[in-house]
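J.: Work out the full structure, taking the sequences as your base and the hints as a guide.
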Amino acid sequence: MSTKPRPSVPAPTPARNPNLNPAPPRLLALLSALLCAGLTACQTPAPQPPIQVTTTVTPLDTIERRVAELKLALPTASKPSPTATLTSVVISGNLAFVSGHISRAADGQLITGRVGEELTVAQGKDAARQCGLAILASLRQELGSLDRVRRVVKVLGLVNCPPGFKDQPQVVNGFSELMLDVFGRERGLGARSAVGVGSLPSNVAVEVEAVFEILP
Amino acid sequence: MSADARIAELKLELPAAPKPAHVYKPVVIAGNMCYVSGHGPLKADKTMITGVVGKDLNLEQGQFAARQCGLAILATVRNELGSLDRVKRLVKTLGMVNTAANFYDHPKVINGYSELMREVFGDDAGVGARSAVGMGPLPGNIAVEVECIFELR
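Chains as they are written, first to last, in my numbering: chain F, 1 to 216; chain Z, 1 to 153.
What the hints contain is simulated information worked out from the structure, not anything from laboratory work.
One or more hints might be untrue.
Stated by the list, open to error - Residues from chain Z shown here face chain F by an in silico Cβ test under 10 Å; the list is partial:
| # | residue |
| --- | --- |
| 1 | 35 |
| 2 | 96 |
| 3 | 137 |
| 4 | 139 |
Unchecked claim - What follows is a list of derived Cβ distance ranges for each label pair:
| # | chain 1 | residue 1 | chain 2 | residue 2 | range |
| --- | --- | --- | --- | --- | --- |
| 5 | Z | 4 | F | 108 | 27 to 35 Å |
| 6 | Z | 47 | F | 215 | 41 to 49 Å |
| 7 | Z | 80 | F | 83 | 26 to 34 Å |
| 8 | Z | 133 | F | 108 | 25 to 33 Å |
| 9 | Z | 129 | F | 73 | 35 to 43 Å |
| 10 | F | 202 | Z | 122 | 38 to 46 Å |
| 11 | Z | 123 | F | 209 | 29 to 37 Å |
The model shown is predicted, which means the values in this text are computed figures rather than measured ones.
Every residue gets a Cβ at the ideal spot worked out from N, C-alpha and C, and that includes glycine.
T.: Dropping the structure here:
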């Protein structure tokens, strides 16, 4: 915040990504209270109302903040096992390669069945979103914080579906729309392939693998 | 010879770069790697080649479809980069063929794409790592879908 007197200038608003939802009213109120307090202090030596800041204001537009704002409940990321033959995430340079994550409901149960047969497209889309939540959980575990994710690079969405099913892109949009919500349009849209497969492990409905660019 | 010059020499007609209809970008560049979304077999009239290879389409038709995927990819990459001359090499391809259960010639189908890339970028830069698999059904019942990664200069 500027400390110079700016009596005729409206209170500046922080630069924000227009793709993100507005800051919650409580935060805006706090910010505007802080700004008013600053301007008031510069303009008049009159007594100021005491400002009580009880919490640290987190930086705007960070990914973890978005995850909190959206009230996303990320599942528990699977712990690396000494006998595992794969790992959830591999970092190479500034890229994070994420293994295929399968669809699990919030209660941990696998979401199984073929989309277009046992599951509707809407249910498949929800399954794809759940894959996204699991991927975010793995990334957070690997990176320490999702704030280290710079952008989505590449997505491969695999949909368990019967012959003749044509709506794989709509299903995988469940994943991609979650990424848009979390990372915004510039950082959340990746290159993508969304295809059907005849079977998936444990008969899960959707599996998604992805590549992310990360900050050092 | 430059890739753009090869396109002209081979008299290849690239389609208009397809616009994404869903939640993705045609290309994402990360560092010097260019990640290209899955592209379907786009025809000159902007429709897609559909059908199951080995059932509705024969091998040659499947190869032609794979080549059309390649032309669509070249169109997208040129549109994004301004020129194909910015491509240093083809790195990795995933070729997905919409096939019947007992079809086993996926590599021959995807060769339709790979031979195009070799023609355009040359014997070294145009030949990349590759997987060619049966993966279906594909969106809209398209016959082939190809995604790939290019290294940029």
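J.: Take the hints in turn and mark each one as holding or not.
T.: Do the hints match the structure? See the list:
no. : hint                        : in the structure
1   : 35                          : holds (4 Å)
2   : 96                          : holds (6 Å)
3   : 137                         : holds (4 Å)
4   : 139                         : holds (5 Å)
5   : Z:4 <-> F:108: 27 to 35 Å   : violated (53 Å)
6   : Z:47 <-> F:215: 41 to 49 Å  : holds (42 Å)
7   : Z:80 <-> F:83: 26 to 34 Å   : violated (43 Å)
8   : Z:133 <-> F:108: 25 to 33 Å : holds (31 Å)
9   : Z:129 <-> F:73: 35 to 43 Å  : holds (38 Å)
10  : F:202 <-> Z:122: 38 to 46 Å : holds (44 Å)
11  : Z:123 <-> F:209: 29 to 37 Å : holds (31 Å)
In this structure, the earlier hints numbered 5 and 7 are contradicted, and the remaining ones agree with it.
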